[in-house]
Amino acid sequence: MALPMIFRKSKNELEKGGRPMVVESSREIPMVKCPACSRSYLPEDIEKEKYVCGCGHHIRISARKRIEFLTDKDSFTELFTDLFGGDPLKFPGYQEKVDQAREKSEELEGVICGTAKILRQSCAIFVMEPQFMMGSMGTVVGEKITRLFEYATEHSLPVVGCTVSGGARMQEGILSLMQMAKVSGAVKRHNDAGGFYLTILTDPTTGGVTASFAMEGDIIIAEPGATVGFAGARVIEQTVRKKLPSGFQKAEFLMEHGFVDKIVARSKQRNVTAHLLSLHAKN
Amino acid sequence: MTAYERVKEARSVERPTGQDFITGLFRGFIELHGDRRFSDDTAMLAGLAKWKDQPVTVITTEKGKDTKERIYRNFGAPNPEGYRKALRMMKQAEKFKRPVICFVDTSGAYCGIGAEERGQGQAIAENLMEMMTLRTPILTILIGEGGSGGALALGVADEVWILENAVYSVISPEGCASILWKDSAKADEAAKSLHLTAEDVKELNVAEKVIPEFEGDFSALLEELRKQIEAWMERVNSCSIEELLDKRYKRFRAIGSDCVNETVID
Chain A
10 MALPMIFRKS KNELEKGGRP MVVESSREIP MVKCPACSRS YLPEDIEKEK
60 YVCGCGHHIR ISARKRIEFL TDKDSFTELF TDLFGGDPLK FPGYQEKVDQ
110 AREKSEELEG VICGTAKILR QSCAIFVMEP QFMMGSMGTV VGEKITRLFE
160 YATEHSLPVV GCTVSGGARM QEGILSLMQM AKVSGAVKRH NDAGGFYLTI
210 LTDPTTGGVT ASFAMEGDII IAEPGATVGF AGARVIEQTV RKKLPSGFQK
260 AEFLMEHGFV DKIVARSKQR NVTAHLLSLH AKN
Chain B
72 MTAYERVKEA RSVERPTGQD FITGLFRGFI ELHGDRRFSD DTAMLAGLAK
122 WKDQPVTVIT TEKGKDTKER IYRNFGAPNP EGYRKALRMM KQAEKFKRPV
172 ICFVDTSGAY CGIGAEERGQ GQAIAENLME MMTLRTPILT ILIGEGGSGG
222 ALALGVADEV WILENAVYSV ISPEGCASIL WKDSAKADEA AKSLHLTAED
272 VKELNVAEKV IPEFEGDFSA LLEELRKQIE AWMERVNSCS IEELLDKRYK
322 RFRAIGSDCV NETVID
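Each protein sequence line maps, in turn, to chains A and B.
Quick note on numbering: the first sequence equals residues 10 to 292 in this note's numbering.
Quick note on numbering: the second sequence equals residues 72 to 337 in this note's numbering.
Calculated directly from the structure, the hints in this document are not laboratory data.
From a predicted model like this one, the values you see are computed outputs, not experimental measurements.
The beta-carbon is built from N, C-alpha and C at its ideal position, and this holds for glycine as well.
Just a sample of chain A residues kept apart from chain B, beta carbon distances all over 10 angstroms, derived:
#: 1; residue: P44
#: 2; residue: A45
#: 3; residue: P52
#: 4; residue: E53
#: 5; residue: D54
#: 6; residue: E56
#: 7; residue: E58
#: 8; residue: G63
#: 9; residue: C64
#: 10; residue: A110
#: 11; residue: E112
#: 12; residue: H164
#: 13; residue: P233
#: 14; residue: D270
#: 15; residue: V273
#: 16; residue: A283
Among the chain B residues that face chain A by a calculated CB cut under 8 angstroms, a handful are:
#: 17; residue: C182
#: 18; residue: G183
#: 19; residue: S240
#: 20; residue: I326
#: 21; residue: G327
Bound-form chain B, shown alone (with noise of 0.2 angstroms):
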């Protein structure tokens, strides 16, 4: 597959969303509603579930299943509600030390008069400071479209996980094509020069996990992705907290550092 095609691919409404992800993984999940501070993202879901015998927070971007619930979802478009929604659940869980497990969906957050009215840059920026020391581990898995800043605000996380047929991107081929090409036609080799493939983000080191995909056998990459999960679980519970935010903030601090160059020029 060439890059734009695993956009679309990972955009394909055929994909499972969060929401199978958290049902098929996790037992007795409870839904809980609200940012405290304006309203309900219908667009973000998040609440607590048992993984084994231990407390989880899980928090999605939610696409929707068919036309209805796409709609009532906005599309898997955040707005500055839902950014909150996911902080406050977060903190939470850093109160009653549970683990932190997202997945991400999104094309990005979304672009309305009323996401800026109520600062969605301020919402992401927040995230982006809380997670990175929030003191309970966070693990990150983009499950389908991971756009830009609307995506990285579920994703300063200690181990970031990407499906095979997922894309992480700062800004869509589309958008790219048309601002630098003045041509959306050349969305194909924006896709392309972007690096957005599960293997270019693995590459870069933005990922540390490519999640094969079992050729759309979902109950295959469930099993997968407990294996893995019950090995990332075994992983953070063997160092202190002061560790695991010593690393993510190490993680994310390495990340380009080695593309910069330090030379005097005359």
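Isolated chain A, as found in the complex (with noise of 0.2 angstroms):
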């Protein structure tokens, strides 16, 4: 099995806290140590806790990790398998980039899609993949998200997104900012047609997915610790020259100010999840 991780040196702040590092034991078994503690774990103990330290620090996990542990064995059908995006702008530098993240992800773009079943319950379901350039936005990840959207719509299907990322994508320029409208028109319309929209806040969620998608669910719940945020910190600290609070942007920071409905951890989603989805059920 492949591990959800990589050897790699943190290369910003957000990747920096989050980013669960492998490090080689005298046995030559890799260990995953938790970022926030150092604690070092055998990868199959670890991942019985689903990735969670035994200091409550929640570890990130890949895409296809956390549709395991949020949906029911088997039942996940992927979507839109085959898009993946050109280089529109020409972007000096891009196309490697995403060549890199391919490879490191092991996937075609930022999000995967499809539908699946929590504890029998049907959803459409997004998940954003931190390996694939930080989960940032282009126009693969909001085509790929207003489509399930509309899938959604037509087929009356709630849907659940866990959200990650950076933001929108600078590299694909103007057509990124512009996905984070597309997709809250489709949100807009599954949203006027009755259907249920759970948002999962994850370890880093900021700008253009913070200003648009991940804040447009009829319910919010985040994981212990997430940042959660529109403008970065460091951007926000040049900019009023303060040292911003303790806990700024946090998960917990959020919720105390309206923005967030419950904190869940990770080994609680699943029901939560489900629950959540039985109440909005359709007779």
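Hints in hand, dock the two standalone chains.
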């Protein structure tokens, strides 16, 4: 089984804290190290804990792993699998970055969409992939999520969406910005048709994704400790020239300010999601 | 002009600001304040006016004319309450069947502690959703800087126009250069790569029209806009609200869809 992580130094603030480190032990078995408390685990041990460390830190996981943890065994059917992007603006260095991201994540793009059952409740589901350019949203991510909402509207399905994103993908310029409006339109149509949309915010959810479909759920739940915000902490610090309050832009901070319904630990997400789906089931 | 020179021109303090367009194009403008939830955002100016005999709702991000006013206007960077004020005005426009005309000139939504505490992301997201199905015509004109989500929050319109020397971008060229190349001095190259000029934006079907600026002759620009707005009013009045909403959805639905490939890869 491929580990949902690789050997790499964090490139920026968003990656720090979330990225699990894999360290070689003397027995030459790769260990998984918690980025928060540095405790090391055997892969099979931390797998059993759904990659939640004893210290409570929710280690970042791949989209496939999240789908496995959240949905009933063999119930997930992937949709729009063959969609991939070009390089619409011929942006310097972009194609290489996409190629690297594909290799690293073993995915064609930054989001996985499909239908699934969660404790026997049917839903449409999208899960963003942190290893693919930090889940950034370009035209393919926008197109896939839009299609998923349209599919869900057509088939009267609720949508469960797990977000992890650095925001809009700047290498696709204004086209990625427009995906915020495009997805929001599809969310609105699903909403107006009476569809239920649950968002699960995971670490980190920022920028254009926060300013669109991450914040558009009927109910918004978040993983403990997840960073969720519009502007990056460093940008804010530079703008206001003040030290940010502790816990700023953490899931708990958002709940305190009224923007998140509930903080739900990874171990309970499946049950809570199923319960919420059943409370919105249509007869 | 290079792309980056365009960015500098779009940011120039010599350019007319939103209030100049409102007073220049409409009669009897009355400013209305507040989001009815938290406060009144001075970076967002909104109210009612008349276009000929037609009442309209007008909204603009406002950078201010001199240093004192620019500080008062927070340099045109709205807080969540600005977007909520705009949405409140739009909802009233829907109720009273008034067209909405938005002007955009902002470096972006404000990056502050309070902005995050009050849900900057949520405020923008709500505007995107609500504008998509607002049952009245919406026109958005980019008059200077179109800075990312903070600009798009007034940009979900039936038509989007951009002035010749205005720009529309997902990120500032400086921000882009500093993130990608760890060097904000490469803003020049970033500006070019981002395709943010008026022509680029039109080329990418993100704007319907590029409005000429007549080399800084503001009254000629206003005259051109009057002509164009008149024609726009006729266009939107000739179709039903359902048609209008369908077109609005499809307008955004199509953006970027053509650069997505569908091929089975082994």
